[in-house]
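J.: Model the placement of chain B on the given structure of chain A, informed by the hints.
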Amino acid sequence: MDFLRPATWEDALAMKAARPDATPIQGGTDVMVEINLDKGRPTALLDLNPVAELSRWSWTAGPAPMLRVGAGVTYTRLIAELGGWLPGLAQASRTVGSPQIRNRGTLVGNLGAASPAGDGHPPLLASGALVEAESVRGTRLIPIGEFYMGVKRNALEGDELIRAVHVPPAAGPQCFAKVGTRNAMVIAVCSFAVALDLRARRAGTGIGSAAPTPRRAHAAEEFLAGELDWDGAGPVDPALARRFGELVAEAAAPIDDVRGRADYRRHALAVMARRALGWAWAEREV
Amino acid sequence: MRVNVHVNGEPMVADDVWEGESLLYVLRERLGLPGAKNACEQGECGSCTVYLDGITVCACLVAAGQAEGREVVTVEGLSEGRARRRGGAHDRNPRPDPDADGVAGPRLDRLDEVQRCFVEAGAVQCGFCTPGLVVQAHSLIASASRVPEDAEIREALAGNLCRCTGYEKILDAVRLAAARVHARAAAEDARTVPGGADD
Numbered sequence: 001m002d003f004l005r006p007a008t009w010e011d012a013l014a015m016k017a018a019r020p021d022a023t024p025i026q027g028g029t030d031v032m033v034e035i036n037l038d039k040g041r042p043t044a045l046l047d048l049n050p051v052a053e054l055s056r057w058s059w060t061a062g063p064a065p066m067l068r069v070g071a072g073v074t075y076t077r078l079i080a081e082l083g084g085w086l087p088g089l090a091q092a093s094r095t096v097g098s099p100q101i102r103n104r105g106t107l108v109g110n111l112g113a114a115s116p117a118g119d120g121h122p123p124l125l126a127s128g129a130l131v132e133a134e135s136v137r138g139t140r141l142i143p144i145g146e147f148y149m150g151v152k153r154n155a156l157e158g159d160e161l162i163r164a165v166h167v168p169p170a171a172g173p174q175c176f177a178k179v180g181t182r183n184a185m186v187i188a189v190c191s192f193a194v195a196l197d198l199r200a201r202r203a204g205t206g207i208g209s210a211a212p213t214p215r216r217a218h219a220a221e222e223f224l225a226g227e228l229d230w231d232g233a234g235p236v237d238p239a240l241a242r243r244f245g246e247l248v249a250e251a252a253a254p255i256d257d258v259r260g261r262a263d264y265r266r267h268a269l270a271v272m273a274r275r276a277l278g279w280a281w282a283e284r285e286v
Numbered sequence: 001m002r003v004n005v006h007v008n009g010e011p012m013v014a015d016d017v018w019e020g021e022s023l024l025y026v027l028r029e030r031l032g033l034p035g036a037k038n039a040c041e042q043g044e045c046g047s048c049t050v051y052l053d054g055i056t057v058c059a060c061l062v063a064a065g066q067a068e069g070r071e072v073v074t075v076e077g078l079s080e081g082r083a084r085r086r087g088g089a090h091d092r093n094p095r096p097d098p099d100a101d102g103v104a105g106p107r108l109d110r111l112d113e114v115q116r117c118f119v120e121a122g123a124v125q126c127g128f129c130t131p132g133l134v135v136q137a138h139s140l141i142a143s144a145s146r147v148p149e150d151a152e153i154r155e156a157l158a159g160n161l162c163r164c165t166g167y168e169k170i171l172d173a174v175r176l177a178a179a180r181v182h183a184r185a186a187a188e189d190a191r192t193v194p195g196g197a198d199d
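Which chain is which? The protein sequence lines are A and B, in order. For the first sequence, this note's numbering gives the first residue as 1, with consecutive numbering after it. For the second sequence, this note's numbering gives the first residue as 1, with consecutive numbering after it.
Note that these hints are calculated values from the structure, not bench results. It is possible that some hints are incorrect.
A short list of chain A residues far from chain B (calculated; beta carbon distances all over 10 Å) [claimed, not checked]:
id	residue
1	D2
2	A14
3	P42
4	D47
5	P63
6	W85
7	T139
Estimated spans, in silico, between C-beta atoms of each pair [what the hints assert, rightly or not]:
id	chain 1	residue 1	chain 2	residue 2	range
8	B	N4	A	L198	36 to 44 Å
9	A	W85	B	T192	35 to 43 Å
10	A	G145	B	E168	44 to 52 Å
Okay, the calculated bits of chain A under chain B, using three or more residues with CB under 8 Å as the criterion [said to hold, decoys possible]:
id	stretch
11	24-30
12	101-111
13	273-279
Ideal Cβ placement from N, Cα and C applies to all residues, glycine included.
One chain only, chain A, in its complex shape (with noise of 0.2 Å):
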């Protein structure tokens, strides 16, 4: 195993393009579980730590700026700098592990590893994200419902790193839920998160460990932007919420595994979902 250590990100990009086959490591916690346990042993690894300006955030030009987050910025600190833009995304990062997990592990190598249970993806699809990919050919800004192409797969190339991902400010209430065995350290049995957008009038969702990727619920977005009454006062129509939940569960594609069956998980998303729209909407009423 070869261990390189870019001091830049330019070396980065030419490392990566010399060496398409190492893995690039960042807080470890899921590349270092792999080679703890003897699960996969890379060729190399890509050490991104020594790259200070990827732990950095910032604001993206132009007239709908949005937040772009190094592939260095921890949970940690997104939830404590980044939670009043993004809530939903922080809530999510809250969920992730330990202290100690958090602490290290990125929101970005969550997008590396592409896992389908990683609990960044709901809230990044509900949002609409963008992943900033680099290689020494280029950079491409790749929408995140494209960015995942099946279990642990996403649409890298080879050349390729991730350098940010750039998330649109909340722009209404936003909230995720997830299922676990417990409150702390859990790969979900199934997430969701959903954002509303009430100046646009829509909504945002994504749906984590029910299906080979993460993906958003299509027909339930239409659904609420059609038929949610976005002036009104209270709380959302139960009858409305509850179809709500059974076109987000239509959505999923899930399997029986270790962590649950998959009529469970289809179920767990609609009273997830169900719940999730009401807790958001009352949100926007205080």
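T.: Chain B only, in chain A's frame:
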């Protein structure tokens, strides 16, 4: 490969490190610091919790090469009787010294407040989880501006598993340590604020 890392304030060198090796393995097997414990190797149990550049992490999930040039503090580094250089010509890395009373490890009066409170509260049974819990509790207390609520203590320690105690004595120990540390800080503030050097 060679890894240079500051551990408990001392520059240390580990040679012949395998590129896929963890910081935990380097600490325990190459630098003679067995305080951080090796259990799950997947970040689940918190037994290997150490400070890396002032932030608590699971040492089993840090690749050894990622610790190059960085500051690590282990449970050995929390007490005053921590690792000291023995000074042998070929002993490049310090080892914990036996103490004045001839017992290996630090004496009770040299312990950090968190360690002392674990002893006083009877929060140690088999002791395997203790070093990780002590480091994580130390971090919680050091970073909080007041005595943390129970819910905050539970959240801070959610990644540290103990299979003996049922956690109640551990919570007692952390509450006690937090109360003492903050009482001491408050007393110091009271002394320094009026007529302080900035006035």
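J.: Checked against the structure, which of the hints given earlier come out wrong?
T.: Those not satisfied are hints 1, 3, 4, 8, 13.
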